[in-house]
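4 protein chains.
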Amino acid sequence: MAVSHNRQRLKDIDNTGFGPNSSIEGGRLINSDGSPNLRKRGIPIWERISVYHTLLRMKRSHFFLFVLILYTSINLLFAFLYYFSGVEHLTGAENAHTFTEQFMEAFFFSSQTLTTVGYGRVAPMGMITNCIASVESLIGILIFAVMTGLIYGRFSRPRAYLVFSPNVLISPFKDGKALMLRTATYKNNHLTDVEAQLTLALHLKENGKTVTKFYPLKLEFAKINSLALSWTIVHHINEESPLYNYTKEEVEESKVEVIVIVKAFDDHFSNVVQQRTSYTYKQVIYGAKFLPMFEKAETGEYTILELDKINAHELVKMPEHAGHKAEV
Amino acid sequence: MAVSHNRQRLKDIDNTGFGPNSSIEGGRLINSDGSPNLRKRGIPIWERISVYHTLLRMKRSHFFLFVLILYTSINLLFAFLYYFSGVEHLTGAENAHTFTEQFMEAFFFSSQTLTTVGYGRVAPMGMITNCIASVESLIGILIFAVMTGLIYGRFSRPRAYLVFSPNVLISPFKDGKALMLRTATYKNNHLTDVEAQLTLALHLKENGKTVTKFYPLKLEFAKINSLALSWTIVHHINEESPLYNYTKEEVEESKVEVIVIVKAFDDHFSNVVQQRTSYTYKQVIYGAKFLPMFEKAETGEYTILELDKINAHELVKMPEHAGHKAEV
Amino acid sequence: MAVSHNRQRLKDIDNTGFGPNSSIEGGRLINSDGSPNLRKRGIPIWERISVYHTLLRMKRSHFFLFVLILYTSINLLFAFLYYFSGVEHLTGAENAHTFTEQFMEAFFFSSQTLTTVGYGRVAPMGMITNCIASVESLIGILIFAVMTGLIYGRFSRPRAYLVFSPNVLISPFKDGKALMLRTATYKNNHLTDVEAQLTLALHLKENGKTVTKFYPLKLEFAKINSLALSWTIVHHINEESPLYNYTKEEVEESKVEVIVIVKAFDDHFSNVVQQRTSYTYKQVIYGAKFLPMFEKAETGEYTILELDKINAHELVKMPEHAGHKAEV
Amino acid sequence: MAVSHNRQRLKDIDNTGFGPNSSIEGGRLINSDGSPNLRKRGIPIWERISVYHTLLRMKRSHFFLFVLILYTSINLLFAFLYYFSGVEHLTGAENAHTFTEQFMEAFFFSSQTLTTVGYGRVAPMGMITNCIASVESLIGILIFAVMTGLIYGRFSRPRAYLVFSPNVLISPFKDGKALMLRTATYKNNHLTDVEAQLTLALHLKENGKTVTKFYPLKLEFAKINSLALSWTIVHHINEESPLYNYTKEEVEESKVEVIVIVKAFDDHFSNVVQQRTSYTYKQVIYGAKFLPMFEKAETGEYTILELDKINAHELVKMPEHAGHKAEV
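Which chain is which? The protein sequence lines are H, V, D and U, in order.
Counting from 396, one number per residue, gives the positions in the first sequence under this note's numbering.
Counting from 396, one number per residue, gives the positions in the second sequence under this note's numbering.
Counting from 396, one number per residue, gives the positions in the third sequence under this note's numbering.
Counting from 396, one number per residue, gives the positions in the fourth sequence under this note's numbering.
Isolated chain H (complex conformation):
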């Protein structure tokens, strides 16, 4: 059969970092946010998890919740310490008599110490309470050193800020067809020396065993100088493509996955940024082409990029040639 002939002629690649043995790999390889679909185990979680990276990549709302909970917990802990070492050693807290009142004074004294605001209405007296307060203010400063670093790390982390079209299109191209996806930057950032790399993963049955094979997909342009507007990444499905003469059914059967890596230089960060994504066969649309996503401003003085049109496409009639009707 022509199909398998073609793929057999092509060299699959073995240096993707994924193994060929599908039977011991589960589900898709790369999630659509670009992370590998993978869990690690065998060593304790605190060795396996980088706290810094986790806090760096946490959603902003979660991060601030985490800070609030940490702040309250440390204050509660030290409030107990001050309470048990005697509220009488906190000058200014003499009028607090009930547990609630005393604990409250201890708690807010703790928060004033941790943040180094130290009003002094309540202040420590005596060896033990002074020692605890002295350690707490040191801890406060160290924690907020960590916070400063984390917050700086969060917002200075070089990111590509790319949005990808949710779908991959199979569009008419030259006198055949092509696989197309579209990307654009959605922030006020500007990428130069932008490179894309597409890898096709196929889960094939060979001698009764399912194996995963990887093929690079050749691009019309694998590198552009500058990503100011949008970039339609095009893989021409010609004789040299592993997708040539590949029917829709085969695509589904072999659970096609297209892994996308985009690397670029961002001159605001003055750093290389990278973003990954992955498309499964369910995201492929047959016979469609992208519509332009930018237009001239009414005044004619600048160009407008319409980010909500990243996936804008219209259905089109695919060319029918001898030899590859009705496929992909």
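Keep in mind that a hint or two might mislead.
Some chain D residues close to chain U (C-beta under 10 Å, calculated; not the full set) [said to hold, decoys possible]:
1. 430
2. 435
3. 446
4. 447
5. 451
6. 486
7. 510
8. 522
9. 526
10. 537
11. 552
12. 553
Note that these hints are calculated values from the structure, not bench results.
Glycine included, each C-beta is placed from N, C-alpha and C at the ideal position.
Following the hints, complete the assembly by docking chains V, D and U onto the known chain H.
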């Protein structure tokens, strides 16, 4: 015609990140500060704008104004909170009776809490006021963590600190002519492995439609080891140039734009830095050449680079050859 | 003899940064943590040691111990200064009469000044004490600026987080054998464009002198796109290998050392990361092969990487061919 | 004459970033600390100087002196503001009656506000004094944000920490001679992928005018994998060298300058680091060779690098061949 012949022989490039369809692009492509002449829309502004990048690239005076306004706003907000939860819960503010006096005490107590200066002449009492103050001091610390990061980010951002000559010259060169522009670093920084890349954008009429075509401009030296003095970037307008036999009228008609990217290694930042600019046909001067911009110190012990002479040039007679009189 | 024939045909390399003169070099070249097995002397220790790097790479527990000791020392120093300039200049410390009481007040006043918590129960009066306090609060701020930088530097330092198999295996491979070692990332990080480089160091006797020779080891795959699972780095011991026809005795005699460098791009740090290690002949296992270290999750939706199996291997029978029986 | 023949055969390079016109360049091109021997003028000093870079590269003692002077100046300024807006608005300063006493209270209140220590023994009262204090505490926080950034920037700045031999030697090499210089890292850092680049600058008389010509010097090894010990950088003075058959007199006459750039990857910084230096003809020693600068530890377990021997050399007899006696 010879002109179009030449350009038709040359391959235009399609990987600039700009589209070929001029009719939907407005105005110049790159502003002279290197940013793309582009607006984005279609997603909410808070997703489209990177607050960090905006604050990073804001003018210094605007940045400090922003900090002052933010500081005052937060203090006003918390002053209202303290006022409404009862100024009687602020010890030391007992002598304030009018609204103005009480609000003033609340406002300055807020500023003392936010900056964690906490003199304690005025101090919080009771659950609610203490809670507000506790949260405010946390916010204060987080905000100043952000400030520390931003200020560090602002002054440590790798930049090329290049000044470009405001004009592009068409000068005599070898036995023909060349397009020349000049650049130099204007700070006490030193660039090595400096690369320049020039791209020509032409807006041409083809079959009644305006299309944008891009051509790389070959440079005499595309890379220099070190940019200590000034660098005159030279494109020889010979048979292989897309500008060969191109008349002044054609230059204006096709709204020529020269996009310049300079990339280098800065050893103070130990980082790659990049700067872009762009020249339109209005900035081209015909028949001129740059004058030297450095001279020997009187003592003879070092060289002086005169930055105010970056655009210094004198008009010269252009060579007239058979076949390309009166053009560019 | 075939063995020496082979090595003599191969070009050893001289650009490893290590000298060829074994007689003046001691012990292994690279420690297993990747640092060179080397001491420096001849210039004072404070010029030879980068304090920043030392604090950056110190174990976490040691680092916090260091901070605690530094904090206590500075407080002790300033406590003495306040004590000798007169505790009567500290308002609020009037009730302290014994040396212990007065020194304690001075000590805790110092800690409140250093951390800028400044409760004010004890506060400075008069020129000298005020001056000391003013300088101490400046020092406090500068020290905590250093701490902020160090803590940020510690957790933002780009690292590869690679674990290497403790052993190098000699496994059957194709119709011969290969040297194999395995690596994987043990944190929630993801490396792309991963490159490995293996260098073989041999300590050989030549004309009665011991010389060190270096050979690059050619890899089946020297670069993989992405390190999501584990990577078995394979050097085929064929005719082109410096290890071809090399007996176990020779391996021990020449104190074989395999130096490994892995370089990759980490997209969380957006930076190049590098990790080195080294294996001596004592870590080589003959006739063994690695067992898979990942498996499909029970639900089939993702893959599990078992990090405790990094060195998992089973003994296997090595192929015996004419010409290279009983060797490596 | 053979000499000029040789140099005329060689192509000089024009992409060094220095101009060819010696008559308008003064003195040596690169100082021995690697900075260009150059001043800039023509734009105001505040545009020409990067304050950040200046503070980053200032000597440590100067930096701390600068901080102390800045701290005192700001305190003096605000002390005047508090004094002129009325010391009676500073509670706790009522017992200060003379100018000296009042100014002292104002000065130390200012320092307590600037560092946010805020004891509260002295505290602001009333609108104006409160406003000044509120602004001062904001300024304090911003200044110490800058300090945090600067101090972090100072100690995290990627540097190669290379020491170069103070002299360049002309040593016997193969059956001719070579130009040699030696480098080593002097801190506990480790460089990999180390590249050296040597450029020769000659100031020659041509048609009565002095012109500067540049030639690359080919190295025996231009790149080494790792710089653990020392590296002797060797340029073989053979027929292809611009220094071939070049007499000592000519070297002096043409004011030979050897510009050295070393670039490497430092894995502690995870960054590319670069260091430059330059040698003039006065630093060349004829007929000498470097002595080893490392030895085996007594225990034989590690190697010792002796940094004080970086320039250790002994005089040797140079080979005398037909055709190039008595030269360089």
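Going down the list of hints, with the structure as the test:
no. : hint : in the structure
1   : 430  : holds, 7 Å
2   : 435  : holds, 5 Å
3   : 446  : holds, 8 Å
4   : 447  : holds, 4 Å
5   : 451  : holds, 7 Å
6   : 486  : holds, 6 Å
7   : 510  : holds, 9 Å
8   : 522  : holds, 6 Å
9   : 526  : holds, 8 Å
10  : 537  : holds, 7 Å
11  : 552  : holds, 7 Å
12  : 553  : holds, 4 Å
Hint compliance for this structure: every hint is met.
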